[in-house]
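Chains as they are written, first to last, in the UniProt record's numbering: chain A, 1 to 351; chain B, 1 to 351.
No lab work stands behind these hints: they were computed from the structure.
One should not assume that every hint holds.
One copy or two, either will do: identical chains are not told apart, so a pair holds if it fits within one copy or between any two.
Simulated crosslink set (SDA-like; lysine to any residue; CA at most 25 Å straight-line) [stated by the list, open to error]:
#1 Lys188 - Gly275
#2 Lys188 - Leu265
#3 Lys153 - Arg309
#4 Lys188 - Ala105
#5 Lys153 - Glu89
#6 Lys153 - Glu237
#7 Lys153 - Ala314
Note that the coordinates shown come from a computational prediction; the quantities given were computed from them, not determined experimentally.
One-letter residues, chain by chain:
2 protein chains.
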Amino acid sequence: MAQQHLDPTDPTAGTAPTGDALAGYLRAQATEFLRALRLHRETGSGPNGTAEAVDAARALRRSVRRISGSLHTFRPLLETDWSESLRPELAWLSGTLSMEHAYAARLDRLLLALHRLSGAAVFPAQSAGGPAPAARSDLTSAERGNLTVGAAKAGALLERQLTLARTRAHSTALQALGSSRFHAVADKVAVLASEVPLTPTAAGADLSPLATAAQERLTDAVTGLPLVTAGHPYNAEALIHGLSPDPAPHPQDAPWHQVRLLLRLHRYSREVLLGDTALVDVRLLDAGQALDRHRDASEAAAAAASAARTPRIAPATAYALGVLHADQRHEVEGARFVFQQAWQRQEVRAS
Amino acid sequence: MAQQHLDPTDPTAGTAPTGDALAGYLRAQATEFLRALRLHRETGSGPNGTAEAVDAARALRRSVRRISGSLHTFRPLLETDWSESLRPELAWLSGTLSMEHAYAARLDRLLLALHRLSGAAVFPAQSAGGPAPAARSDLTSAERGNLTVGAAKAGALLERQLTLARTRAHSTALQALGSSRFHAVADKVAVLASEVPLTPTAAGADLSPLATAAQERLTDAVTGLPLVTAGHPYNAEALIHGLSPDPAPHPQDAPWHQVRLLLRLHRYSREVLLGDTALVDVRLLDAGQALDRHRDASEAAAAAASAARTPRIAPATAYALGVLHADQRHEVEGARFVFQQAWQRQEVRAS
Chain A
1 MAQQHLDPTD
11 PTAGTAPTGD
21 ALAGYLRAQA
31 TEFLRALRLH
41 RETGSGPNGT
51 AEAVDAARAL
61 RRSVRRISGS
71 LHTFRPLLET
81 DWSESLRPEL
91 AWLSGTLSME
101 HAYAARLDRL
111 LLALHRLSGA
121 AVFPAQSAGG
131 PAPAARSDLT
141 SAERGNLTVG
151 AAKAGALLER
161 QLTLARTRAH
171 STALQALGSS
181 RFHAVADKVA
191 VLASEVPLTP
201 TAAGADLSPL
211 ATAAQERLTD
221 AVTGLPLVTA
231 GHPYNAEALI
241 HGLSPDPAPH
251 PQDAPWHQVR
261 LLLRLHRYSR
271 EVLLGDTALV
281 DVRLLDAGQA
291 LDRHRDASEA
301 AAAAASAART
311 PRIAPATAYA
321 LGVLHADQRH
331 EVEGARFVFQ
341 QAWQRQEVRA
351 S
Chain B
1 MAQQHLDPTD
11 PTAGTAPTGD
21 ALAGYLRAQA
31 TEFLRALRLH
41 RETGSGPNGT
51 AEAVDAARAL
61 RRSVRRISGS
71 LHTFRPLLET
81 DWSESLRPEL
91 AWLSGTLSME
101 HAYAARLDRL
111 LLALHRLSGA
121 AVFPAQSAGG
131 PAPAARSDLT
141 SAERGNLTVG
151 AAKAGALLER
161 QLTLARTRAH
171 STALQALGSS
181 RFHAVADKVA
191 VLASEVPLTP
201 TAAGADLSPL
211 ATAAQERLTD
221 AVTGLPLVTA
231 GHPYNAEALI
241 HGLSPDPAPH
251 PQDAPWHQVR
261 LLLRLHRYSR
271 EVLLGDTALV
281 DVRLLDAGQA
291 LDRHRDASEA
301 AAAAASAART
311 PRIAPATAYA
321 LGVLHADQRH
331 EVEGARFVFQ
341 QAWQRQEVRA
351 S
């Protein structure tokens, strides 16, 4: 039943992965967590960390997400008390660790967009799969000189606001990593690296029904998305409410964010079943990257709108922020289109 | 040779239209001009004219464009002195008559966009083929109440600026219609309604080579457009330079405007050849409407940017104008996409 949704060329097809595969996956991710943590401590933790420190933080977040996701999807196979106490701690850790990176990436995205909108030379695009953006924006003062007054002031305002947020997030993450709460999580993960608390019957239990359930949660959520609209380019949907008096103007984004999380859970459960994190379904990857871009652009648009509410800014600054906000909302719309295209490809293949 | 580009299902295929067909077409358009002019005088000329007055003005512009375009495309078949003296006068008339409508349509487009961006109820869209927008915007004060302060102020500013421009254009058009310069044009068109000054050999001359040349000018110009980019939705091209310090930030629009004019000339020359203005190639119509929308959105975006340079406006107003500018530039990009799709359909059919 589960296999019908999986890749027919899958080398493990025909075998039925069991709780042992889950235990192996969790041990590997826990080991990866410990390795990344050690690397993170060795490479220093200043706010403008080295590329190694950035990589270590990313690996840490990556393993936390995978452990947390697997605990969620395969919950019935794991000791309840243990998994129910660990899961909120992993969510706290994941959230705390991701903020600094998110603010840095948001600033980079917005400054690159301002440059594009100013007709400045094109910068090397940061691909979602490539290295994390450097902690500081790479724009030189000569490149900044190409901006109009409004764009330059908007950039400076965003840089001030998002750098402050990022610095705070950095301190919060450092405090978290030194806290007893974190040490308790790290201890639990250290135990997980050698011993996974499966339920008595889990070792031989088939993982497929739980993986299929995760996939069905994804499929159901996608069914609720306005994919017909998203498949018609330039539908102008994402910018509706762009000037709304509503304080939460983009509730339309929430279902997409939810699908992003469910897609990630589905992807991780596939990793568990296939026993290999390197075997990636390109379509799932494309769809997931589109939803990452959707989330990033949505939050960048909100940051531009928020900056425009700063008291006493010049009209030229506000104008540039308005253009920037709309530009990012169009990126939101474009990401939905790309997701629709990727998802459609996937459905054709599955039928 | 010319027929290979025309519709194979064309009922007139096989016959070779001659200068007589051109004379018939010009006589019909001149008669239409005189009819529209009489109607325009009868229906009054106040700035908030009736629907009949708006229709009459539209019919007047329509016939002027067709006479002017045919004089251009079939120039070698017409008496040189006569056509060379009439063409600049028709261009002047066409330009003068179109401004009032253009400002009114631009204001409507921008106010509708502001409403859409504010998440207000959707208004009945004005299709390019439908009746011209009413002289005054139809927004009620309750509908305006749904706007944020910024959107409302931006709307009021645009209404002030574009209504002023429209009122001036109305006066200019009225003055023009009462001028001796206009009466000289009208007299020439009245003669044209009964007697078309063809060259001695034109009556039996084949129109096809000149029509084909018009089509080739169009095809050549389209070849110069960035259609590959335009065919990739959400390419973010149209908003590049949106914050540029360049005072003429959108030179990228000019080739599209040029294609719009050449497409119109090709369409009119087809009308001459087919002897029927009602036989419309749907693809040409779609492509032409996309280019009309391109031009309208381009000019609306420029109007929003221009309004944002008004001294002493509030930051919230400037922000709304920035969002509006970007929204209209996105419409520009969307119109290019639609043109690319329509043009592609046409090429498949022609091969």
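Here is what the structure says about each hint:
1. Lys188 - Gly275: Close inside one copy (23 Å), not across copies (85 Å); limit 25 Å.
2. Lys188 - Leu265: within (22 Å within a copy, 76 Å between copies)
3. Lys153 - Arg309: both (14 Å within a copy, 16 Å between copies)
4. Lys188 - Ala105: For Lys188 and Ala105, the Cα distance exceeds 25 Å both inside one copy (31 Å) and across copies (67 Å).
5. Lys153 - Glu89: neither (40 Å within a copy, 48 Å between copies)
6. Lys153 - Glu237: between (29 Å within a copy, 23 Å between copies)
7. Lys153 - Ala314: Cα proximity of Lys153 and Ala314: in one copy and across copies (9 Å, 16 Å).
The earlier numbered hints that this structure contradicts are 4 and 5.
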